[in-house]
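Engineer: Listed here are the chains, written in short residue letters.
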Amino acid sequence: MTGFGVEPEALDQVGARFRADVSGTQRSIADQVQSSAQSALNVGDVAAAAEFQQRWYDWVQTRFEDLQATDDLITGVGAALQETAREYRQSDDGIAADLGRIGDDLGGGVR
Amino acid sequence: MSVFDLFGLPDVHELADRVLAGDVSTLRTAASTGRTAGERLGAQAGTLARERAEIGLGWTGDAAVLADAKLRSTEDSVRKQARQLMSGADDLDDAGDALNRAQREARRLDGLARALEGRLDAALDLIRSVPLVGDFQAEALGLFSDFVAPLRPDGVALSLAMREVLDRYEAALATAGQRLASEPGIVRPDAGPVDVGGDASGRQAALYRGVYGTDPVSDLDRMMAEALDVRSGDPRGIDVSAHVTLMRIEPVPGAGVIHGSAFIADRAVFGGPESPFDRDGTPGFSLHGGDGRSFDPKARPHDSRVSFFVDYERGIVVVRQNPSHADDGTSAVGDPTVGAEQDRDGRVRLRTGATNPLAPSFSDDVGFTVREDVIIDPRGGTDGSASVNGRVGAYPSWEFYQRHQDGPTNMLLQRPQGGWGPDLAGPLANLPRDTAPVGQDPTELERWNQRYHPDQVPSEREREVERRVGITPIGDPWYDNPLPRTPYPQGGPDGGLTLPHAIQVD
Numbered sequence: 066m067t068g069f070g071v072e073p074e075a076l077d078q079v080g081a082r083f084r085a086d087v088s089g090t091q092r093s094i095a096d097q098v099q100s101s102a103q104s105a106l107n108v109g110d111v112a113a114a115a116e117f118q119q120r121w122y123d124w125v126q127t128r129f130e131d132l133q134a135t136d137d138l139i140t141g142v143g144a145a146l147q148e149t150a151r152e153y154r155q156s157d158d159g160i161a162a163d164l165g166r167i168g169d170d171l172g173g174g175v176r
Numbered sequence: 002m003s004v005f006d007l008f009g010l011p012d013v014h015e016l017a018d019r020v021l022a023g024d025v026s027t028l029r030t031a032a033s034t035g036r037t038a039g040e041r042l043g044a045q046a047g048t049l050a051r052e053r054a055e056i057g058l059g060w061t062g063d064a065a066v067l068a069d070a071k072l073r074s075t076e077d078s079v080r081k082q083a084r085q086l087m088s089g090a091d092d093l094d095d096a097g098d099a100l101n102r103a104q105r106e107a108r109r110l111d112g113l114a115r116a117l118e119g120r121l122d123a124a125l126d127l128i129r130s131v132p133l134v135g136d137f138q139a140e141a142l143g144l145f146s147d148f149v150a151p152l153r154p155d156g157v158a159l160s161l162a163m164r165e166v167l168d169r170y171e172a173a174l175a176t177a178g179q180r181l182a183s184e185p186g187i188v189r190p191d192a193g194p195v196d197v198g199g200d201a202s203g204r205q206a207a208l209y210r211g212v213y214g215t216d217p218v219s220d221l222d223r224m225m226a227e228a229l230d231v232r233s234g235d236p237r238g239i240d241v242s243a244h245v246t247l248m249r250i251e252p253v254p255g256a257g258v259i260h261g262s263a264f265i266a267d268r269a270v271f272g273g274p275e276s277p278f279d280r281d282g283t284p285g286f287s288l289h290g291g292d293g294r295s296f297d298p299k300a301r302p303h304d305s306r307v308s309f310f311v312d313y314e315r316g317i318v319v320v321r322q323n324p325s326h327a328d329d330g331t332s333a334v335g336d337p338t339v340g341a342e343q344d345r346d347g348r349v350r351l352r353t354g355a356t357n358p359l360a361p362s363f364s365d366d367v368g369f370t371v372r373e374d375v376i377i378d379p380r381g382g383t384d385g386s387a388s389v390n391g392r393v394g395a396y397p398s399w400e401f402y403q404r405h406q407d408g409p410t411n412m413l414l415q416r417p418q419g420g421w422g423p424d425l426a427g428p429l430a431n432l433p434r435d436t437a438p439v440g441q442d443p444t445e446l447e448r449w450n451q452r453y454h455p456d457q458v459p460s461e462r463e464r465e466v467e468r469r470v471g472i473t474p475i476g477d478p479w480y481d482n483p484l485p486r487t488p489y490p491q492g493g494p495d496g497g498l499t500l501p502h503a504i505q506v507d
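Those protein sequences? They're chains A and B, same order as listed.
Per this note's numbering, residue 66 is the first one in the first sequence, and the count goes up by one each step.
Per this note's numbering, residue 2 is the first one in the second sequence, and the count goes up by one each step.
Keep in mind the hints are simulated off the structure, nothing from the lab.
All values derive from a computational prediction rather than experimental measurement.
Among the hints, a few may not be true.
[Said to hold, decoys possible] Across the chosen pairs, the derived CB separations fall in these ranges:
id, chain 1, residue 1, chain 2, residue 2, range
1, A, S156, B, S88, 55 to 63 Å
2, A, S156, B, D191, 49 to 57 Å
3, B, G203, A, S156, 31 to 39 Å
4, B, K81, A, E152, 52 to 60 Å
5, B, A172, A, E152, 53 to 61 Å
6, B, P236, A, G70, 24 to 32 Å
7, B, K81, A, S156, 30 to 38 Å
[Unchecked claim] One side of the interface only, derived from the structure: several residues of chain A facing chain B at Cβ under 8 Å:
id, residue
8, S88
9, G89
10, I94
Note that the Cβ used here is the ideal one computed from N, Cα and C, for glycine as well.
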């Protein structure tokens, strides 16, 4: 078994930042990309126009959906970090409770 | 009188206007948005790296190693996405640069064309000034030979140069579009509209939605969806795309779809002088692919040189020119000249001219084009069926059908290609011939033009020149009643297509 060290509070704070700030920025970038599809590209009256415009629109949609998926990923990682921090805290609390019970059994003093 | 009209050449002003209609700033704005988003995403990757480092400071052990790997992979994905945004911005800028170059060249050639027309006007004024006494016609003809005819080579050169500008620009646009289409999602590889080789039905459904706003459901819908698909008939995605012109008309419910095509019944035909790349062993000339079929109401939109669809149910007209192929492996698509107008009775006049882009460059000049000018009446036939009357070229074969929703397909018109000339020489011998009257009442087209275009006669000044030197551009009546060329459809906001409307007459 490998040893480990952890600061649950720090982990929890990073997880919270992932879910709020980092995710918020990611969503805002996705929206920025998506908004560019709301104006048409005027490339002139040529046969290749519609296909080019369609490909650009598809490209915008692809980037938008991919950025959204990354946002989900970031939010998920943030939630996992917070969950991990909570688990570590619960483990510490459990160990402390066990030690307290042992101390009580021994006549007190370990608390 | 335009020098290009006079010599029957593609009009430099009209070709120039097509690129000058573009707006470079729309490409620059979209590129700038993409680039800014890319930079923000790059900063986001930096944030992720800092957070990962902070976690690493106070967390060790197996779980920490796994978390670090997950965070590192997320960070890598974000960096790749940032690069994609930057590269997309570059593609848009490349398209903007290409449009900029094309517009600069178009302005220059347009100016040269105006100067040429100044020389033509001066020469025609000279001809008009010949007194109508003595052998005035010989003198006028002499002036024509001395001052007007020498303008032709310059007109041809300008036309060809402008055509090359358009071709180069279209190629640059296609390349930029292909690069945009080649970047799948990083985190979600299936992100975006599905558009991969072999996925024709998904592509066609998307196109149909862009035009009709609904999904294709019936057989008629699917036929129209396939007609819209510039890559139908090319499942491997390696051929050049068809050129498709679309427009809206007023629907006539119950009339179904009038569809048809111009097709070459032979598998191959004489295509013109051999190109330097032709290594097939045929001496002196190249062969161009035909459609190798007979009349067929079930022919697909790509099984012809030109196909057309008038969807009376939903009010959409589609005309497409399909790729031409030479036996040296080259392929290309021409720009069809399509005009359409509709009267209050729902009748549609459809006028099309399509030139084989692989044919020698004098093709437009001497009438080597596939031409039709017909009136489609949704109720003009017997028993309430449709009718088609007007003029079509002597070459190739022509067919028109009416297909109803969940009903039969009726043949409206079939005209086999002209048989002048030796084997394989069909286009060469028959395309320059005048268009021929077709339908139960071919004079319907004349009546239409007399009623709606009584002013389409040469001006007095043009008549005067013609009287004096006996010149006419090209004798085929098809050239007498032109219609404005329908512009290509444009992608609108949010992926929809903006279609022009057919001209309403009366």
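Engineer: Take the hints in turn and mark each one as holding or not.
Structural biologist: Against the structure, the hints come out as follows:
For S156 (chain A) and S88 (chain B), the Cβ-Cβ distance of about 46 Å falls outside the hinted range of 55 to 63 Å, so the restraint is violated. Range check, S156 (chain A) to D191 (chain B): about 39 Å between beta-carbon atoms, so the 49 to 57 Å window is missed. Look at G203 (chain B) against S156 (chain A): about 50 Å separates their beta carbons, and that is not inside 31 to 39 Å. The hinted window of 52 to 60 Å between K81 (chain B) and E152 (chain A) is violated, with their beta carbons roughly 32 Å apart.
Restraint check, A172 (chain B) to E152 (chain A): a C-beta distance of roughly 59 Å satisfies the suggested window 53 to 61 Å. Take P236 (chain B) and G70 (chain A): their Cβ atoms lie about 59 Å apart, and the range 24 to 32 Å is violated. A beta carbon spacing of about 37 Å between K81 (chain B) and S156 (chain A) agrees with the range 30 to 38 Å that was offered as a hint. Here the hint on S88 (chain A) is broken, as its CB sits about 10 Å from the closest CB of chain B, past 8 Å.
The interface hint given for G89 (chain A) is violated, since its Cβ lies 11 Å from the closest Cβ of chain B, which is over the 8 Å cut-off. Against a cut-off of 8 Å between C-beta atoms, the interface hint on I94 (chain A) holds, since the closest Cβ of chain B lies about 5 Å away.
Of the numbered hints given earlier, the model fails hints 1, 2, 3, 4, 6, 8 and 9; all others are met.
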